[in-house]
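Trainee: Spelled out from the first residue to the last, the chains are:
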Amino acid sequence: MTFSPQLEERFAKMLQSYPEGKKRSAVVPMLIYAQDETGAVTQELIEEVAKRCEVKPLQVDEVVGYYSMLHRQPQGKYHVQVCTSISCMLVGGTELYEQACKKLGVGHKQTTADGLLSLEEVECMGACSWAPCVEINYDYHHNVTPEKFDALIDGLRKAQ
Amino acid sequence: MAKQLYNEPSPLETLVISKNFRKEGSETLDGYLANDGFKAFLKAKEMTPEAIIEEVKTSALRGRGGAGFPTGLKWSFVPRTSPKPKYIVVNADESEPGTCKDRLLMEYDPHQLIEGILIAGLAMDSHKGYIYIRGEYRFLIESMNRAIAEAYQRGYLGKNIAGTGFDFDLYTHSGAGAYECGEETALLDSLEGKRGVPRMKPPFPAVAGAWACPTLLNNVETFATIPAIIRDGGAAYAALGIPKAGGTRLLCISGHVNKPGVYEIPLGYNMMTAINELAGGMRGGKKLKAVVPGGSSCPILRADECDVAMDYDSIAKLGSMMGSGGMVVLDETTDMVKFALRIMRFYAHESCGWCIPCREGTTWLKKILQRFDDGGGRKDDVRVLGEVSKNMLGRTFCALGDAAAMPTISIVEKFSEDFDKRLAMQGSGLVTING
Chain A
4 MTFSPQLEER
14 FAKMLQSYPE
24 GKKRSAVVPM
34 LIYAQDETGA
44 VTQELIEEVA
54 KRCEVKPLQV
64 DEVVGYYSML
74 HRQPQGKYHV
84 QVCTSISCML
94 VGGTELYEQA
104 CKKLGVGHKQ
114 TTADGLLSLE
124 EVECMGACSW
134 APCVEINYDY
144 HHNVTPEKFD
154 ALIDGLRKAQ
Chain B
0 MAKQLYNEPS
10 PLETLVISKN
20 FRKEGSETLD
30 GYLANDGFKA
40 FLKAKEMTPE
50 AIIEEVKTSA
60 LRGRGGAGFP
70 TGLKWSFVPR
80 TSPKPKYIVV
90 NADESEPGTC
100 KDRLLMEYDP
110 HQLIEGILIA
120 GLAMDSHKGY
130 IYIRGEYRFL
140 IESMNRAIAE
150 AYQRGYLGKN
160 IAGTGFDFDL
170 YTHSGAGAYE
180 CGEETALLDS
190 LEGKRGVPRM
200 KPPFPAVAGA
210 WACPTLLNNV
220 ETFATIPAII
230 RDGGAAYAAL
240 GIPKAGGTRL
250 LCISGHVNKP
260 GVYEIPLGYN
270 MMTAINELAG
280 GMRGGKKLKA
290 VVPGGSSCPI
300 LRADECDVAM
310 DYDSIAKLGS
320 MMGSGGMVVL
330 DETTDMVKFA
340 LRIMRFYAHE
350 SCGWCIPCRE
360 GTTWLKKILQ
370 RFDDGGGRKD
380 DVRVLGEVSK
390 NMLGRTFCAL
400 GDAAAMPTIS
410 IVEKFSEDFD
420 KRLAMQGSGL
430 VTING
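Line by line, the protein sequences give chains A and B. If you're matching positions, the first sequence starts at 4 in our numbering and goes up one per residue. If you're matching positions, the second sequence starts at 0 in our numbering and goes up one per residue.
It is worth saying that the hints were derived from the structure and are not from the lab. The reader is advised that the hints may include incorrect statements.
Listed next, the in silico BS3-like pairs over lysine-lysine satisfying Cα-Cα at most 27 Å (straight line) [to be verified]:
no., chain 1, residue 1, chain 2, residue 2
1, B, Lys-378, B, Lys-366
2, B, Lys-127, A, Lys-112
3, A, Lys-151, B, Lys-2
4, A, Lys-54, B, Lys-127
Same shape as in the complex, but just chain A:
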């Protein structure tokens, strides 16, 4: 398996950043960066990461199930994460998530039929003072009002 030149460069640097003989340390970051390109953690990716980090595929596999950002099934092109944890909940996060379900027409960890959008109700994302917060892929959106949310989603749909 090969990745984009930028990612290959990142991996080469990463493997050198850990002490001699400790390539296993790269398992988690390698999986999350690679997943961005492959769309999901596939069996092929697990074996590739295992080879590069010099561990058994099972040692990679058991890690995948643990971390909530690693996923075996592809998500939408835009993964919409709505926080409903305490700080967001107090200022409309729960209602925003309900709005998101309606707007996208899908539920928690589901993807729209066209594959454009997927939704997840997430735990605290570290934006508590500028709540409610929505993260779309890796982009944070703060102080999200119902209108702002609709505009964000409409913008993504229109860009297609």
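Start from chain A and add chain B according to the hints.
Mentor: Below, chain B without anything else, positioned relative to chain A:
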């Protein structure tokens, strides 16, 4: 045009570690050098490691991640003369609900953090460090990488730093979504490429941490404070706060206030002043009901307990903690049954499953609270919630079990009337199960 910050700063703040935040170019090396950058490192280079650690002890700095352990003492535990390599690990897995400060230190002043790490390196005789950043903060991993690359390019990282003969390599390491990895030994397991579950202690990370080598592990804010301590002296820093809790810290105010935001305050700052003045008072003129003083793991305070100095010991006297500085303000409209449930959903989701009292306990508590909220509450539930929680305390490898139990115990004890009200509504036939 002035720099756009996440929230308006307040004139009531005491600016030490956030003093560069609003300056243009604060994230660049030149911006940092123009504001006393790396002066502390050069000063520390002329000091003995013992003197550096002594200065940190004098500062009365306590860990800003949550536990509040005295930083100087922690530094003194690392066997700096060990023949093994020593590592510096920065905890940037900021994920305690209510907390959003470390991200600002990395975004606006990454070189301050780098300088703090370098000074720790001098004190520990360490030459390698890792910043463990939560996976959701990808934009910060990229911006931190840019800052690190700039520091390498300009000779502030790598070999013979600033001509001093000191070598240090620094890297970022991405997490992938796990609150538990903010616990220091779980973080180390994650750094080693495993599931992030806590380790048996002792040995503590100071002695056997990353790859079984001596490791100094502190929060982002703790490291970011070090340059100011060395530059201005530990005593000057300590004097900003109160005895036993020196200096300033970033307070993240969220919830039902007019101006939520991250503000730098001296330790010992009054909580009601923070709510009414820093944060512009209660939203919509509503009455204060409760405050979570330092992240969701901390026992909740009733409104009548909130006229308190915000420092470790004063809040401990109320049976709670200053925690990570995540202060969540609740007004009179907050339903404490729903609030307790939301907290427990978090812990049940994030329990790593390693220890049974935590794994099962958080799930039971979530189920009971969910049933209660759905209208199926029973008279005995409040007692059961307290009992289950108390049986989790102290029976797990790490603090997550306690972190789930403590707020629950405090909510059912201090706000039992919210639970009683729900039961009365059920009795009156106004609410039915799932209704």
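Trainee: Each hint should be assessed against the structure and marked as holding or not.
Mentor: How the hints compare with the structure:
no.	hint	in the structure
1	B:Lys-378 <-> B:Lys-366	16 Å, holds
2	B:Lys-127 <-> A:Lys-112	39 Å, violated
3	A:Lys-151 <-> B:Lys-2	22 Å, holds
4	A:Lys-54 <-> B:Lys-127	26 Å, holds
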